[in-house]
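Engineer: Sequence:
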Amino acid sequence: MKEREPDLENGNSDDLYLELSQTLGVQLPQGDTQHPPQAHYDQNNDSNHPRHGRHGSGLSIVTQSPNMGVRRGDGAGAGVGGGSGGGHYGDGQSYRNGQGQDRAGYHPPAQSIYGHSNNQYYGGGHGNSNSIYRGHNTHDGEKTYYNDHHGNSNSARSRPEQLRQRDLDKAKAERMEKRKKKASKVDNKESSRYPTTWVAFSRMVTCCFPPPLLHLMGKHTAEIQQAWREKVALVSIIFCLCFAVGFLTFGFNVVLCGKEPNRIRHGHVDENSAVLLGRTYLLKDFNHPPAPEIPHVTSNLLAKPFPNAGGKDMSFMFQNINMACKGVLNGRQHDEYGNVWNYFPCVITSADGSGSRPLGGLGRQGCHLGSESIKARQFIKRLRFMGEVYFSWEDIVQPNTNYAVYNGMVLDFNRIGWMEDNIVIPPGFEPFINGSFAGKDISLSMSYTKERSAIIKCLVDIVKVGVIDQLSLGCVVADIVLYVSLIVILSVVLLRFFLAVIFGWVLSWRLGSFDEKTFADKLRRQEIIEAWVDGNTSPYVDSPNSATNRRAQRIRANVLPANSRFSVHESGTTTPNGSNVSAATEIPFPLGLPPPIRRWKSMPSSPKPSQSNSSLAGSSMPRSDQTRSESMKLITGSRLNASISKLKGELQCPLLHTLMLVTCYSEGVDGLRATCESLANTSYPSTHKLLLIIADGLIRGDGEDKSTPDICLDMMTDFIVPREEVEPQSYIAIADGVKRHNMAKIYAGYYKYADDCERPMEERQKVPMIVIVKCGTPAEAADKKPGNRGKRDSQIILMSFLQKVMFDERMTPLEYEFFNAFWNVTTVTPDFYELVLMVDADTKVYPDSLTRMVACMAQDPTVMGLCGETKIANKKETWVSMIQVFEYYISHHLSKAFESIFGGVTCLPGCFCMYRIKAPKGPNRYWVPVLANPDIVEHYSENVVDTLHKKNLLLLGEDRYLTTLMLRTFPKRKMMFVPQAVCKTQVPTSFPVLLSQRRRWINSTIHNLMELVLIRDLCGTFCFSMQFVIFMELVGTVVLPAAISFTMYLIVISFIITPVPIIPLMLLAAILGLPAVLILMTSRKFVYVGWMGMYLLSLPIWNFVLPVYAFWHFDDFTWGQTRKVQGEDTAKDSHGSKEGEFDSSKIVMKKWCEFEREKRIKLGLTNGITGWYQPMSTMGQDGPPQ
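Sequence positions in the sequence shown follow full-length UniProt numbering and run 1 to 1186.
Please keep in mind that the hints were generated in silico from the structure rather than gathered at the bench.
Listed below are the simulated DSSO-like cross-link pairs for lysine-lysine, each with C-alpha atoms no more than 30 Å apart in a straight line: (1) Lys381 to Lys326; (2) Lys259 to Lys457; (3) Lys1146 to Lys784; (4) Lys785 to Lys231; (5) Lys972 to Lys950; (6) Lys921 to Lys974; (7) Lys440 to Lys326; (8) Lys950 to Lys974; (9) Lys706 to Lys875; (10) Lys706 to Lys752; (11) Lys464 to Lys259; (12) Lys1085 to Lys522; (13) Lys950 to Lys784; (14) Lys219 to Lys785; (15) Lys440 to Lys464; (16) Lys464 to Lys450; (17) Lys381 to Lys457; (18) Lys381 to Lys259; (19) Lys950 to Lys1146; (20) Lys440 to Lys457; (21) Lys921 to Lys972; (22) Lys219 to Lys950; (23) Lys450 to Lys326; (24) Lys231 to Lys950; (25) Lys875 to Lys1085; (26) Lys381 to Lys464; (27) Lys1162 to Lys1150; (28) Lys785 to Lys752; (29) Lys259 to Lys440; (30) Lys284 to Lys259; (31) Lys876 to Lys522; (32) Lys1085 to Lys876; (33) Lys326 to Lys464; (34) Lys231 to Lys219; (35) Lys706 to Lys785; (36) Lys974 to Lys522; (37) Lys1146 to Lys785; (38) Lys752 to Lys766; (39) Lys284 to Lys464; (40) Lys1159 to Lys1146.
Construct the entire structure; sequences and hints are all you get.
Structural biologist: Here you go:
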């Protein structure tokens, strides 16, 4: 009889058996695919929770039976213990919430699982898809992600169905890629046809520089030319802002006030001048024209025989007669028109208003009356005007005076009594004569009646003696703006200062503190840290009898706990610390995985997994028993169980699994060894930490004998897979074009301590370690830097991996190997890890810093990120390092301390910071992805970096941009500064390196502040908000060159001109002097006052040289002198360029279970199928089957 060919196209599972039988030449056991046997589920085992089932039809790889899931449309869902209850809901009754939809298995928006609202993220694949059901915010405005997997996307489907689905996915990916290319072409055409407002503005500003001219200037490509245009546009805006600051400082008051008139204080008229009608004129060079009673020998009014007119009031010799007073003052003798000859005697009076009624005079001809008066008044215009006589209000209210103010003019009512006897004084003048209005402003009272208005106009003509000292409306407005600005700026400065002091005194010691009980202990610890920073002492070697050593012994004893708050124990078993745990303390494991298989003999056996997840439980990479046994020697011992309760008691919080990420590029062996040694020697237990190093390409640093990856691998031992057998795996890199495809190797093992390690041998921990080496594709093997994609790409390797693990999304081959290496070296799956510590490869961490940072995270779940204090190790090496000491100190203890009060630190330095991967939420132990949030990963992994703004954000300031993304995505969560966690680093010691480093920092800071200022959800409102503080910081950063220039100018002119500009100098003293007070009030380290002096002397460098250089190099996206690679041209060091087109077909993406299934199929085909079906219940304690 002819042998039947397997029908692979229709997806018959019997044909899969036939295919495998023909391939292996053996008879395979076949289950009843039409009527599968009922599976037994343990209802007390939370791994069988309905939310974690994966099911469907087809062959179950591990359990030797078809999977018991309910397929779409097959009927009602099962109960709590059944795997189908947590899987795909069919046409029948779904679990708790009525009807589920057919086919794809999505839950309609009106319904949800377990009675929760629709405001959740349902992770995993529903039906055949891999979608995330997105909803709205819940509770406090955050998005909750469920680690559930519904439908038969995770079921053990038949191989032909997998092949068909893979072809469909591939075809769909190709279609999407074509659409993206087409859309990008359309966008490029539209962008070229309709440029954005910013692009149009940049072109308008640089319209005098056509492309040919820019080409001659060395700007050869259109992208470089546009970057240069945008740089010039930004510089022009910064120049306008600096001009605005200069205008507000020097020109605003002048414009609003106008030119201040010349004024002379009442009673201070000098001997060479005289007062005429309230105005002062210079008489020194004036010669009176010939007139009767004036000799021709000398006609100067200051000489004899004239009465000395110097410093006197000559107003009575130029009286305004028969003008406003006509009809008000009448004479007993007058002409036919009612005109009088004069009102007062023609005499010279005292300018200060003192003296009695003057008698006599020069006669009528001395009064310059008639036609002579007209000529005389015109002649006065030839005199040099010296200024108006002004009175202060103190002068107005002096006793024995009768001054009053009307519309800013000062009237002397005592002069009314000096009138000639010929003048009839009307009764309306009586209140002015008797002093009823003395010392008052009568402007309003004199406008009530026409009679009063006529009287006051007359008095202005005849008794005006000067003006009141007052400001114009423009000057009042200018002063208001000045004082409001002063109050706002000074309030912010003082608020930052006092809140930083409060943080230092009250809050800082509560963050991550667990050992210091008294203030003396705190000061002693500071002294020890300062000695460690200066390199004078070791943190591990102390005298046996010192109090420091006793505290250190307590910390060192608390290492290597065996469990965490994730541990699950069976009913009636005992935990390593001796406590009895009942079955009621079940914790749902993410990813639907069973609890990890512990390798310690004292640990209880793993709970029995369900059939739906048993295919996931046995992942492993080939590993020898010898290596496994040796790796356990240093993490077991008599002090293991005794240490846990003590450490938890001192921390008063649970232990959290923590990743220690070190990204390296071209660092040398000394820097890498110091960093890794300090992380391995941290007092945090090795069972809850993993050292992860990502080498950014096959790079050899300048002056190094070995490449950076080789240096990293030399620090490993006990490799899971031998070093020479590791193969490169593909992943999607952050790049544009063909470089999106990159390859990397993953090495797993344990850290190997240096021979000269300061820590004693008996106290060294066996620290799990993974090294990822980005080696590049074979096509770039001949490049100078194969595999290099930048630091951001290294971070995204981890962040994207954590996101896919949390949501069970499709992985790249590199991520699949990463998962397995992770599980093998740590004995737990990656989704157990909640925190990641990011450290640069030139940073050395203090031993208890990691413990303190984790304690802060564990005590407050709302903290999503924090940083410690970075100190300078090479303070006194050169003058360049000296001027940075105080700048580092004040940036932490003033800026970050102030921001920590509000939980909004705007910059977590990439050299030493910690982020929360996921956060617990609610009493039901749900998780909110934080660093693994898809929004953050998506924005941070932006690969098309084609604008000046994006390049400054993503190529130069990726660490700060990550902080910005976290604040923008979770504005209600906290970013903190923990001064108890300390590290030290090497700072630039030459000015070119400092210039290059600060260029990157300043430019990235400006562009990140531009992003932060748009976040409206930060705490506070209007001027009393973090958004306003960020805006002030942004403006203050861009106007630094103008500010320091104006400051130096004000300091110089304060010694030259009068009056001294008090307000600007007060503001300057507050800004520069308060940090010194902060030092004395917080740290009490007087040495930092000296470092502050160094900083103040270098202010022109910090505030002028560095910012101006940075602004003019906005279009320089290289790392310059900071990172040197042997044989590299630093001018071409950029990851933003595009080369070729990305071919997505070269990278296969599958779910972890699909990778694992294929791996086990191959393993079964190689080793025989019998061992392949070993059930989980028969596994020992040494891990999954090999």
